[in-house]
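In our numbering, the protein residues as written are 130 to 198.
Hints are computed from structural coordinates only; laboratory data are not their basis.
Glycine included, each C-beta is placed from N, C-alpha and C at the ideal position.
Please note: incorrect hints may appear among the correct ones.
[What the hints assert, rightly or not] Listed next, with one range per pair, are the computed distances between beta-carbon atoms:
hint, residue 1, residue 2, range
1, SER136, ARG160, 20 to 30 Å
2, ILE168, LEU145, 28 to 38 Å
3, SER136, ARG157, 19 to 29 Å
4, GLN147, GLN183, 30 to 40 Å
5, ASP165, GLY133, 15 to 25 Å
6, TYR186, GLY133, 52 to 62 Å
7, PRO184, ARG154, 24 to 34 Å
8, ASP167, GLN147, 44 to 54 Å
9, TYR188, GLY133, 55 to 65 Å
10, GLN183, ALA161, 40 to 50 Å
11, VAL187, ILE152, 38 to 48 Å
12, TYR134, VAL187, 44 to 54 Å
13, ARG132, GLU178, 23 to 33 Å
14, LEU145, VAL187, 25 to 35 Å
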Amino acid sequence: MLRGYESDITRFLRELKQKNPGIERGQREGRAIFWDKDIDPHLYKRYEESDVPQPAYVYGSNMLAGEVK
Numbered sequence: 130m131l132r133g134y135e136s137d138i139t140r141f142l143r144e145l146k147q148k149n150p151g152i153e154r155g156q157r158e159g160r161a162i163f164w165d166k167d168i169d170p171h172l173y174k175r176y177e178e179s180d181v182p183q184p185a186y187v188y189g190s191n192m193l194a195g196e197v198k
């Protein structure tokens, strides 16, 4: 890449952040609401144990061989 080259997207994001200095803080706060959480090991274990195995072929898996509906 050329040394002085700056893409339109990079320029747009840089200017956006200059005009709205709190935008990165807002992004971090928004991410913390749903994503940056500690996982409760007991709850996660319960989640893993509650998994129901899926049959190999889910469509018509209750039908006997040769049976046509």
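>> Hint compliance check: list the failing hint numbers for this structure, sorted ascending.
In response: 4, 5, 7, 8, 10, 13 and 14
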